[in-house]
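Chains A and B, in that order, give the protein sequences.
Heads up: the first sequence begins at 1 in the numbering used here, then just goes up one per residue.
Heads up: the second sequence begins at 1 in the numbering used here, then just goes up one per residue.
Hints are computed from structural coordinates only; laboratory data are not their basis.
One or more of the hints may lead you astray.
In silico contact screen, one side only, chain A against chain B (beta carbon under 7 Å); selected entries [unchecked claim]:
hint	residue
1	Asp55
2	Thr90
3	Phe94
4	Val119
5	Ile120
6	Ile123
7	Thr139
8	Phe143
9	Val148
10	Asn153
Here are the simulated distance ranges between beta carbons [as the list claims (entries may be wrong)]:
hint	chain 1	residue 1	chain 2	residue 2	range
11	A	Glu114	B	Asn37	41 to 47 Å
12	A	Lys64	B	Ile124	44 to 50 Å
13	B	Lys110	A	Glu72	29 to 35 Å
14	A	Asp55	B	Asn29	34 to 40 Å
15	A	Lys20	B	Phe15	40 to 46 Å
16	B	Asn29	A	Glu106	47 to 53 Å
17	A	Lys20	B	Lys33	25 to 31 Å
18	A	His77	B	Phe34	45 to 51 Å
19	B	Asn16	A	Asn73	17 to 23 Å
Nothing here was measured: the structure is a model prediction, and the numbers come from that model.
Note that CB positions come from ideal geometry on N, CA and C, so glycine has one too.
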Amino acid sequence: MGLFGKIRLSNILQKIFGKKHAKIGIYGPPNVGKTTLANRILRDWTGDIMGSVSDVPHETRRAKWKKDVRVENGGSHLIMDIVDTPGIATKVDFKEFMNVYGMSKEEAKTRAKEATEGVIEAIKWLEDIDGVVLVMDSTQDPFTQVNVTILGNLEARNLPVIIAANKIDLEDSSPATLKSAFPQHPVIPISALTGYNSDNLYSMMVKHFSKKHKKRWR
Amino acid sequence: MEVNPLIKKEEGISFNLVSRNKLDKLSSNEKLKFILNEVKKGKILVLEYGLTPFEQTSLIENTMKEIEQDTFIGVEMEGYEPENQTFFQKIFGINKKPRITMIGPADLLKTVHKDNNMIQIKIIPGRGAK
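All chains should be modelled from the sequences, with the hints used to inform the complete structure.
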């Protein structure tokens with residue numbers, strides 16, 4: 001069979017059986033637990049970790065990724081390139097790092113500058129991914145403008161989204177609020193910190209991201 | 001942008017309601033430039049017809065490029081989710097329509113609460129249009 005024949009056959013097989021490899025972005029506002037979740041996924045499936053975590057917002061200021069993470073779900077599997085993106089925000093105030101987190105002025109200004117670059121990088125990655133785990137803090141109001149903006153963008157691109165309702169280990173969490181706020185997407189309550197319900201998230205990732213989606217471009 | 005001579009210069013916070021008619025005449029880039037210019041002057045804008053999801057992400061991107069740590073820390077932007085598409089809009093790939101949106105300087109506005117029926121925003125006293 002010639003190359004042309006192979007390409008056509010692989011396209012047909014992909015259409016029938018879905019994807020086996022996908023680039024998945026972990027997105028969300030700062031401090032919702034994106035890197036904690038990325039670390040959880042990598043630890044569970046590769047034994048590795050993605051990056052450091054902290055209570056100070058914008059800890060991840062450059063996108064990090066791990067290729068070829070094989071996630072299994074019963075008899076099926078999906079090989080994913082996992083991209084941990086910097087938190088998306090509409091504002092970055094260096095004074096917050098000084099006043100709330102006790103940083104020096106110089107440290108705070110450097111962090112704020114890097115954070116703005118990180119937001120831009122996260123947005124640029126949207127062009128290059130096949131699906132998104134959108135991490136939301138289930139102790140917070142769901143309708144933040146960042147959540148709504150990211151979701152609107154992903155919907156306009158027709159990218160598959162799973163909402164990870166994180167921090168359900170905290171007493172005031174309310175994953176049900178997130179479910180009712182975004183009924184059009186699968187919402188999986190998890191604790192990235194403790195690993196609670198991560199099996200359900202993996203199972204949904206394999207199912208949801210294996211489906212063939214036709215991307216729309218801007 | 002041209003200054004209308006009929007508009008008096010007054011002290012205080014400027015709250016501008018921008019008509020759909022004006023927004024329709026601007027390209028996406030022009031719209032974003034107009035919004036950021038006004039917001040950087042300390043004005044609060046209420047857009048009768050909000051931004052598309054792509055425009056919203058571009059606004060965030062442009063805002064990050066424009067941040068000046070001592071004078072401009074970003075924007076506060078709130079609006080309602082776009083209306084759901086009708087069956088025919090879905091078939092013909094017509095994007096969801098954006099709805100009324102408020103955009104202002106982040107050091108001046110703070111969103112207190114938002115749900116499907118109410119957006120509560122506070123103006124932080126002591127700041128405003130220059």
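Here is what the structure says about each hint:
Interface restraint check for Asp55(A): the shortest CB-CB distance to chain B comes to about 21 Å, outside 7 Å, so the restraint is violated. Interface hint status for Thr90(A): upheld, as the beta-carbon distance to the closest one in chain B is roughly 5 Å, under 7 Å. Among the interface hints, the one on Phe94(A) holds; its C-beta lies about 5 Å from the nearest C-beta in chain B, closer than the 7 Å criterion. With 7 Å as the threshold, the beta carbon of Val119(A) comes within range of chain B, its nearest partner Cβ sitting at about 5 Å, so the hint holds.
The closest approach between the C-beta of Ile120(A) and any C-beta of chain B is roughly 5 Å, which is under the 7 Å cut-off, so the hint is satisfied. For Ile123(A), the interface hint holds, since its Cβ comes within 7 Å of a Cβ in chain B; the closest pair sits about 5 Å apart. The restraint placing Thr139(A) at the interface with chain B is violated, with a minimum CB-CB distance near 15 Å, outside the 7 Å limit. A hinted interface residue such as Phe143(A) counts as satisfied when its beta carbon comes closer than 7 Å to some beta carbon of chain B; here the least separation is about 5 Å, so the hint holds.
At its closest, the beta carbon of Val148(A) sits 6 Å from a beta carbon of chain B; the interface hint therefore holds under the 7 Å criterion. Taken as an interface hint, Asn153(A) checks out: its beta carbon lies about 4 Å from the nearest beta carbon of chain B, inside 7 Å. Range check, Glu114(A) to Asn37(B): Cβ separation about 26 Å, and the 41 to 47 Å hint is violated. The hinted range of 44 to 50 Å is not satisfied by Lys64(A) and Ile124(B), whose Cβ atoms lie roughly 35 Å apart.
Look at Lys110(B) against Glu72(A): about 45 Å separates their beta carbons, and that is not inside 29 to 35 Å. Distance hint for Asp55(A) and Asn29(B): a CB-CB separation of about 38 Å, consistent with the stated range 34 to 40 Å. At about 54 Å, the beta-carbon gap between Lys20(A) and Phe15(B) misses the expected band of 40 to 46 Å. Roughly 35 Å separates the CB atoms of Asn29(B) and Glu106(A), a value that falls outside the hinted 47 to 53 Å.
Range check, Lys20(A) to Lys33(B): about 44 Å between beta-carbon atoms, so the 25 to 31 Å window is missed. Look at His77(A) against Phe34(B): about 49 Å separates their beta carbons, and that is inside 45 to 51 Å. Distance hint for Asn16(B) and Asn73(A): a CB-CB separation of about 52 Å, inconsistent with the stated range 17 to 23 Å.
Violated hints for the displayed structure, listed by number in ascending order: 1, 7, 11, 12, 13, 15, 16, 17, 19.
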